[in-house]
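Participant: Residue-level listing of the chains:
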Amino acid sequence: MKVIKHSFDGVIVGAGGAGLRAAIEAAPHMKLAVITKLYPTRSHTGAAQGGMSAALANVEEDNWNWHAFDTVKGSDYLADQPAVDILCKEAIDSVVELEHWGLPFSRLENGKIAQRRFGGHTVKEGEAPAFRACYAADRTGHMILQTLYQKCVSMGVTFFDEFQVLDIKIDDGVCKGVIAYEIATGNIHIFEARAVTFATGGFGKIYKVSSNAHSLTGDGPGILYQKGIPLEDMEFYQFHPTGIYRLGILLSEAARGEGGILRNKDGERFMERYAPSIKDLAPRDMVSRAIATEISEGNGAGPNNDFVYLDLTHLGAETIKQKLPDITDFVRTYVKIEPINEPIPVQPTAHYAMGGIPTDVNARVLSDATGTVLPGVYSAGESACVSVHGANRLGTNSLLDIVVFGKRAGQSMVDYVSSTKPMALSENAAEDLTNKIENLMDKDHNLEFSVPRIREELQDTMEENAKIFRTEESLEKQTEILTDLRDRYQNVTISDKGKVFNTELLEAIELEYLLDMSDTTVASALHRKESRGAHSRVDHVERDDKNWLKHSFAFKNDASVKLEYKDVELGNYEPKERKY
Amino acid sequence: MDVKVNILRYNPETDRKGHWEEYILEADPDERILDLLHKVKWFDDGSLAFRRSCAHGVCGSDAMVVNGENMLACQVLVKEVSTPIKIEPIRGLPVVKDLVVNMDSFFDSYKKVMPYLVNDTEPGERERLQSPEDRDRFEDTTKCILCAACTTSCPVFWTADTYVGPAAIVNAHRFVFDSRDNASKQRLEILKDVDGAFRCRTAFNCTSACPRGIQVTKAIEDVKRQTLTIN
Ligand SMILES: Cc1cc2nc3c(=O)[nH]c(=O)nc-3n(C[C@H](O)[C@H](O)[C@H](O)COP(=O)(O)OP(=O)(O)OC[C@H]3O[C@@H](n4cnc5c(N)ncnc54)[C@H](O)[C@@H]3O)c2cc1C
Ligand code: SF4
Ligand code: FES
Numbered sequence: 001m002k003v004i005k006h007s008f009d010g011v012i013v014g015a016g017g018a019g020l021r022a023a024i025e026a027a028p029h030m031k032l033a034v035i036t037k038l039y040p041t042r043s044h045t046g047a048a049q050g051g052m053s054a055a056l057a058n059v060e061e062d063n064w065n066w067h068a069f070d071t072v073k074g075s076d077y078l079a080d081q082p083a084v085d086i087l088c089k090e091a092i093d094s095v096v097e098l099e100h101w102g103l104p105f106s107r108l109e110n111g112k113i114a115q116r117r118f119g120g121h122t123v124k125e126g127e128a129p130a131f132r133a134c135y136a137a138d139r140t141g142h143m144i145l146q147t148l149y150q151k152c153v154s155m156g157v158t159f160f161d162e163f164q165v166l167d168i169k170i171d172d173g174v175c176k177g178v179i180a181y182e183i184a185t186g187n188i189h190i191f192e193a194r195a196v197t198f199a200t201g202g203f204g205k206i207y208k209v210s211s212n213a214h215s216l217t218g219d220g221p222g223i224l225y226q227k228g229i230p231l232e233d234m235e236f237y238q239f240h241p242t243g244i245y246r247l248g249i250l251l252s253e254a255a256r257g258e259g260g261i262l263r264n265k266d267g268e269r270f271m272e273r274y275a276p277s278i279k280d281l282a283p284r285d286m287v288s289r290a291i292a293t294e295i296s297e298g299n300g301a302g303p304n305n306d307f308v309y310l311d312l313t314h315l316g317a318e319t320i321k322q323k324l325p326d327i328t329d330f331v332r333t334y335v336k337i338e339p340i341n342e343p344i345p346v347q348p349t350a351h352y353a354m355g356g357i358p359t360d361v362n363a364r365v366l367s368d369a370t371g372t373v374l375p376g377v378y379s380a381g382e383s384a385c386v387s388v389h390g391a392n393r394l395g396t397n398s399l400l401d402i403v404v405f406g407k408r409a410g411q412s413m414v415d416y417v418s419s420t421k422p423m424a425l426s427e428n429a430a431e432d433l434t435n436k437i438e439n440l441m442d443k444d445h446n447l448e449f450s451v452p453r454i455r456e457e458l459q460d461t462m463e464e465n466a467k468i469f470r471t472e473e474s475l476e477k478q479t480e481i482l483t484d485l486r487d488r489y490q491n492v493t494i495s496d497k498g499k500v501f502n503t504e505l506l507e508a509i510e511l512e513y514l515l516d517m518s519d520t521t522v523a524s525a526l527h528r529k530e531s532r533g534a535h536s537r538v539d540h541v542e543r544d545d546k547n548w549l550k551h552s553f554a555f556k557n558d559a560s561v562k563l564e565y566k567d568v569e570l571g572n573y574e575p576k577e578r579k580y
Numbered sequence: 001m002d003v004k005v006n007i008l009r010y011n012p013e014t015d016r017k018g019h020w021e022e023y024i025l026e027a028d029p030d031e032r033i034l035d036l037l038h039k040v041k042w043f044d045d046g047s048l049a050f051r052r053s054c055a056h057g058v059c060g061s062d063a064m065v066v067n068g069e070n071m072l073a074c075q076v077l078v079k080e081v082s083t084p085i086k087i088e089p090i091r092g093l094p095v096v097k098d099l100v101v102n103m104d105s106f107f108d109s110y111k112k113v114m115p116y117l118v119n120d121t122e123p124g125e126r127e128r129l130q131s132p133e134d135r136d137r138f139e140d141t142t143k144c145i146l147c148a149a150c151t152t153s154c155p156v157f158w159t160a161d162t163y164v165g166p167a168a169i170v171n172a173h174r175f176v177f178d179s180r181d182n183a184s185k186q187r188l189e190i191l192k193d194v195d196g197a198f199r200c201r202t203a204f205n206c207t208s209a210c211p212r213g214i215q216v217t218k219a220i221e222d223v224k225r226q227t228l229t230i231n
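Chains as they are written, first to last, in my numbering: chain A, 1 to 580; chain B, 1 to 231.
For the record, the hints were derived by calculation from the structure and aren't laboratory data.
Predicted model, so just to flag it, every value in this text is computed and none were measured.
A portion of the hints provided could be inaccurate.
Straight-line C-alpha distance at most 35 Å; calculated DSBU-like pairs for lysine-lysine [what the hints assert, rightly or not]:
| id | chain 1 | residue 1 | chain 2 | residue 2 |
| --- | --- | --- | --- | --- |
| 1 | A | K499 | B | K39 |
| 2 | A | K576 | A | K124 |
| 3 | A | K443 | B | K86 |
| 4 | B | K39 | A | K497 |
| 5 | B | K112 | A | K5 |
| 6 | B | K218 | A | K336 |
| 7 | B | K79 | A | K467 |
| 8 | B | K185 | A | K436 |
| 9 | A | K497 | B | K4 |
| 10 | B | K112 | A | K31 |
| 11 | B | K112 | A | K2 |
| 12 | A | K443 | B | K39 |
| 13 | B | K86 | A | K499 |
| 14 | B | K79 | A | K208 |
| 15 | A | K336 | B | K86 |
| 16 | A | K208 | B | K4 |
| 17 | A | K477 | A | K550 |
| 18 | B | K185 | A | K31 |
| 19 | B | K79 | A | K265 |
| 20 | A | K2 | B | K4 |
| 21 | B | K111 | A | K112 |
| 22 | A | K2 | B | K79 |
| 23 | A | K112 | B | K224 |
| 24 | A | K477 | B | K39 |
| 25 | A | K497 | B | K17 |
| 26 | B | K4 | A | K443 |
| 27 | A | K5 | B | K17 |
| 28 | B | K111 | A | K321 |
| 29 | A | K112 | A | K124 |
| 30 | B | K39 | A | K436 |
| 31 | B | K112 | A | K499 |
| 32 | B | K4 | A | K336 |
| 33 | A | K321 | B | K79 |
| 34 | B | K39 | B | K79 |
| 35 | A | K497 | A | K208 |
| 36 | A | K5 | B | K111 |
| 37 | B | K218 | A | K321 |
| 38 | A | K321 | B | K224 |
The following block holds chain A by itself, in its conformation from the complex (with noise of 0.2 Å):
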């Protein structure tokens, strides 16, 4: 294998929101490389629709402490608050920023820049709902991540398209730089670089239906967690309320926001039941386990009584046109119905990751639970866990999650990189990486061990039994089955031997993150004996603060995962039952 050498200051791993950011912070102040699997522009960033939350109070009177509020509120209680007011008040300058950069924000009539109404955003501490979230339409990320990346292209940064991180060099306890693997030749590169932010995105393949694009496999939360870094509260992930039946291609809650429904089989609008005063816009964690609830009770549409309606037919088609074109084409397209009059069929669909790398308010990985920093290590967006989304996070606030720390990932980098000096690699220091790849050439093909076949089973039986409701009896059998899907995957093989872009030996490798992903997040929720936000145990249904107002910490040790525990940080607000 041909191996070539790159000596840089800083890498950023990840070009979507949360790395492009980082980028345009730190590449004026040192040797900076970004390196991503994907073309900039295809991150999954691109694919966010309904809006970014920032109390810019264009529309209505409103204060970043009501967003704070509703933020926590939101996250059960799980948020660390000290992070949570930096994230609402620095999204005023943050939104600001990007429309200087030229980010092309839907207008109000007075020319700035429009808001409206998202899930869980609400003023006056619960009053009403709030019109919080800044948009360009229903294509908010593609506006965001075009954008960020217009900046880069003006700022001359250096990219590495289409190169795929698959290990980090950490030599005792010092970051040293990224081995990558060129997708187009097949050639490995060594970057030496003594900061490295990884901005590699969620792992919502893990489920069967996900809104996610096929190249979220948490790659960066997997590289860290085979180093011995721990994840943290991976026990929570987000479903969303509303994915298009069977294809889980998301809705945006901008739907609701704008004035749509949710309905039962019976036309009901159920949410009147789950959340009297802000009904069909509660928390995306209440919505997914009414959908659940009314579906199990035999409420659900469809011959096999397993979806509910999105209903827009009375906003009325000019709306419809202006503020939620692509989501409407989308059920055009694949569904083939006109949401103008008819109402869509939709279910819960795997989502965020409110889980992942830790790190503290400034994008410094954390090693262990009592916040020891990992020299030279950063993580920032859907990768990292601050913890600004607790339990549940609120629509809006990952957009802005990506913008806030991301830009704090390069600040840190910068920091770090101006007070310490270069630090070199080996020529061998891709030899464990060649090894994995040759082992994986060197097997024959064999069916019985093929990735999608391992990868297919992983997908079905976490939609089974580590989805919405969780029981002791689900988890432990999930368990058994990771541990046998596992066994199996020690013995993976691949039937391409070639080198330009063999991305079944990618997928091979990818798969390994996800199970590590689905390890990490069954052995959290089997340990964490009470419900919050997104995590529903239907033997443990109380929320339970004086045993688990702790954030999880998952290791891998040998085969299993161990689990320590961390106090979360409170602030202004005390917990408090989460009603809405």
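Got chain A; can you put chain B with the ligands on it based on the hints?
Facilitator: Coordinates of chain B with the ligands only, in the frame set by chain A:
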């Protein structure tokens, strides 16, 4: 139902030139063309190469030629195309392997047109204002996902690959008509060049190829007209 799919295969490590392979696949009429490619890759021949990510028409990875027309494989359903389904890489860019082409020159052209907002005036602490009408003038071209379906359907581009191509002009349009931008003149100078907008022969292939429904030919015409306002 069984569906016959023909894919133009090429592996630079073993083949001198491309060749057609036929696959008979069990498929549901509601499945996407991308699902068929996954079936081949996952359950028949793992070496089949194609790009994909989002699987619902928003990332721009999987533009390819299906039954002679450019489209995103994830955006078209089996029941919408006639069989046998013929799938080839997009034209005019060098093939790397199977359905994967080298995108370097495509992105180089994009970068040539200054695809970013230029405005050196002090913006102040809050957003710059823009009326909904001004915002609307470039709405259509903000939708571009850089999939290359337009550029690689253009007969001018096939014969003169120095032509910046429709996608780059679309991205120039997005800034030329943005009331907040101050660099239209420089951008239009670039597009007045021999390899710029005037190469367009209004074949309209690009407009029918665009998976985002952008009026690509109209955008090119708008830009051409705008170049006449500078001197
Ligand atoms: C359909 C959908 C709609 C959404 N709508 C909203 C919304 O309206 N509001 C909101 O706030 N949030 C929304 N979200 C959530 C939000 O969009 C994401 O959480 C966020 O965009 C993630 O950004 P990121 O930068 O962390 O990761 P991504 O944008 O996913 O980028 C990941 C990057 O990492 C790279 N990468 C991954 N692995 C490797 C590797 N091994 N080597 C090299 N590169 C690698 C990829 O190439 C990519 O560039 C939505 C999510 C989805 C799926
Ligand atoms: S204009 Fe349309 S076809 Fe051309 S690159 Fe953009 S999205 Fe693709
Ligand atoms: S896979 Fe993203 S556009 Fe088709």
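Participant: Take the hints in turn and mark each one as holding or not.
Facilitator: Cross-check of the supplied hints:
1. Proposed proximity of A/K499 and B/K39 is supported: the alpha carbons are some 22 Å apart, at most 35 Å.
2. Restraint check for A/K576 and A/K124: the C-alpha separation of about 16 Å stays at or below 35 Å, so the hint holds.
3. Proposed proximity of A/K443 and B/K86 is supported: the alpha carbons are some 33 Å apart, at most 35 Å.
4. Under the criterion of a C-alpha separation no larger than 35 Å, the hint pairing B/K39 with A/K497 is consistent with the structure, at around 19 Å.
5. Distance restraint check for B/K112 and A/K5: the Cα-Cα separation of roughly 29 Å lies within the 35 Å cut-off, and the hinted pair is therefore satisfied.
6. With a C-alpha separation of about 28 Å, the suggested pairing of B/K218 with A/K336 holds against the 35 Å cut-off.
7. Restraint check for B/K79 and A/K467: satisfied, since their Cα atoms lie roughly 32 Å apart, inside the 35 Å limit.
8. Restraint check for B/K185 and A/K436: the C-alpha separation of about 53 Å exceeds 35 Å, so the hint is violated.
9. Using a Cα cut-off of 35 Å, the hinted pair A/K497 and B/K4 holds, with the two alpha carbons roughly 27 Å apart.
10. A threshold of 35 Å between alpha carbons decides the hint, and for B/K112 with A/K31 the separation of about 23 Å falls inside it, so the pair holds.
11. For the hint pairing B/K112 with A/K2, the CA-to-CA distance comes to about 32 Å; that is within 35 Å, so the pair holds.
12. Pair hint A/K443 plus B/K39 holds up; C-alpha atoms about 23 Å apart against a cutoff of 35 Å.
13. Note on B/K86 and A/K499: the hinted pairing holds, with a Cα-Cα distance of about 26 Å set against a maximum of 35 Å.
14. Only pairs whose Cα atoms come within 35 Å are accepted, and B/K79 paired with A/K208 is accepted, the gap being roughly 24 Å.
15. The hinted pair formed by A/K336 and B/K86 meets the criterion: a straight-line CA distance of about 24 Å does not exceed 35 Å.
16. Between the alpha carbons of A/K208 and B/K4 the distance comes to roughly 27 Å, so the proposed pair stays at or under 35 Å and holds.
17. Taking the CA atoms of A/K477 and A/K550, the gap is near 25 Å; set against the 35 Å cutoff, the hint holds.
18. Note on B/K185 and A/K31: the hinted pairing holds, with a Cα-Cα distance of about 32 Å set against a maximum of 35 Å.
19. Distance check on the hinted pair: B/K79 and A/K265 sit about 28 Å apart at the alpha-carbon level, within 35 Å; holds.
20. This hinted pair does not check out: A/K2 and B/K4 have alpha carbons roughly 39 Å apart, beyond 35 Å.
21. The hinted pair formed by B/K111 and A/K112 meets the criterion: a straight-line CA distance of about 30 Å does not exceed 35 Å.
22. At most 35 Å may separate the alpha-carbon atoms for a hinted pair to count; A/K2 and B/K79 exceed this at roughly 45 Å.
23. Distance check on the hinted pair: A/K112 and B/K224 sit about 31 Å apart at the alpha-carbon level, within 35 Å; holds.
24. Of the pairs offered as hints, the one joining A/K477 and B/K39 holds, with about 29 Å between alpha carbons and a cut-off of 35 Å not exceeded.
25. A threshold of 35 Å between alpha carbons decides the hint, and for A/K497 with B/K17 the separation of about 19 Å falls inside it, so the pair holds.
26. A hinted pair counts as satisfied when its Cα atoms are at most 35 Å apart, and B/K4 with A/K443 qualifies at roughly 32 Å.
27. Distance hint between A/K5 and B/K17 is fulfilled; the C-alpha atoms sit about 33 Å from each other, no more than 35 Å.
28. Taking the CA atoms of B/K111 and A/K321, the gap is near 31 Å; set against the 35 Å cutoff, the hint holds.
29. Of the pairs offered as hints, the one joining A/K112 and A/K124 holds, with about 23 Å between alpha carbons and a cut-off of 35 Å not exceeded.
30. As the CA atoms of B/K39 and A/K436 are separated by approximately 27 Å, the hinted pair is consistent with the 35 Å bound.
31. A threshold of 35 Å between alpha carbons decides the hint, and for B/K112 with A/K499 the separation of about 32 Å falls inside it, so the pair holds.
32. Only pairs whose Cα atoms come within 35 Å are accepted, and B/K4 paired with A/K336 is accepted, the gap being roughly 23 Å.
33. Restraint check for A/K321 and B/K79: satisfied, since their Cα atoms lie roughly 26 Å apart, inside the 35 Å limit.
34. Distance restraint check for B/K39 and B/K79: the Cα-Cα separation of roughly 17 Å lies within the 35 Å cut-off, and the hinted pair is therefore satisfied.
35. At roughly 28 Å between alpha-carbon atoms, A/K497 and A/K208 fall within 35 Å of each other, so this suggested pair holds.
36. Of the supplied pair hints, the one linking A/K5 and B/K111 holds, its CA atoms being roughly 27 Å apart against a limit of 35 Å.
37. For a cut-off of 35 Å, the pair hint linking B/K218 to A/K321 stands: about 21 Å separates their Cα positions.
38. Under the criterion of a C-alpha separation no larger than 35 Å, the hint pairing A/K321 with B/K224 is consistent with the structure, at around 29 Å.
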